[in-house]
Amino acid sequence: GDSVTQMEGPVTLSEEAFLTINCTYTATGYPSLFWYVQYPGEGLQLLLKATKADDKGSNKGFEATYRKETTSFHLEKGSVQVSDSAVYFCALSVDPPSTGNQFYFGTGTSLTVIP
Amino acid sequence: DGGITQSPKYLFRKEGQNVTLSCEQNLNHDAMYWYRQDPGQGLRLIYYSQIVNDFQKGDIAEGYSVSREKKESFPLTVTSAQKNPTAFYLCASSNPGLAGGPYADTQYFGPGTRLTVL
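Just so you know, the protein sequences line up as chains A and B, in that order. For the first sequence, counting from 1, position 114 maps to 114 in my numbering; every step adds exactly one. Basically my numbering = 1-based index in the second sequence + 115.
In case anyone wonders, no lab produced these hints; they're calculated from the structure. Take these hints with a grain of salt, some might be off.
Which chain B residues face chain A? A few, computed with CB under 7 Å, are given here [claimed, not checked]:
1) Leu205
2) Asp220
3) Phe224
4) Gly227
Source: prediction; values computed, not measured. Idealized CB from N, CA, C, for every residue including glycine.
Construct all of the structure, not just a fragment, from the sequences and the given hints.
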């Protein structure tokens, strides 16, 4: 079936450190891949996405590359800031879906950046 | 501004009472979804609807009900049969897109409703 496996947290980094959050997926159709960010008490916001193999999604200094050969979509940022503290979700959209629902989410990784 | 609205942001109810959470979208999206999120946990799918007047159960539908009478609205009722209803509830919507194309489905989320049952 379709699924997303995401790196367990929590992750604590010092300001300006390098960030990697691992995400791997299993998909039976043609997946698109997403990273969402959730700040405390809020809904999820789309951070970036990639719709085909070798595409790189990027936004606000975050990047992730769709690697079909390793079925991965790892999130990276070269220099994190305190304002990046949030929960990050990796997600998958499959077309056509193996079941009625086509969206699958990882369990989320909590990031805390300390000054 | 296009987007998804959920109301209210905070909701308190007594045990044994049914409560309805509102979700409205003006994105002209066909599909809508309800998720539940518990503290420190990921998202769990309650119900989804791919078209008006049709909806399907997700992974944790027991104790919940929905309706989809209008494209822009997808209210969720938390019934007294839901054993542990206190949680953060998120509504989302999306539109179909070509596989691998630039319009591939993306889910857009509302701000959430925090339900506390006393």
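Each hint, compared with the structure:
1. Because the beta carbon of B/Leu205 sits about 6 Å from the nearest beta carbon in chain A, less than 7 Å, this interface hint is met.
2. Using the Cβ-Cβ criterion of 7 Å, the hint placing B/Asp220 at the interface with chain A is satisfied: the shortest such distance is roughly 5 Å.
3. For B/Phe224, the interface hint holds, since its Cβ comes within 7 Å of a Cβ in chain A; the closest pair sits about 4 Å apart.
4. The interface hint given for B/Gly227 holds, since its Cβ lies 5 Å from the closest Cβ of chain A, which is under the 7 Å cut-off.
In the structure shown, no violation is registered for any of the earlier numbered hints.
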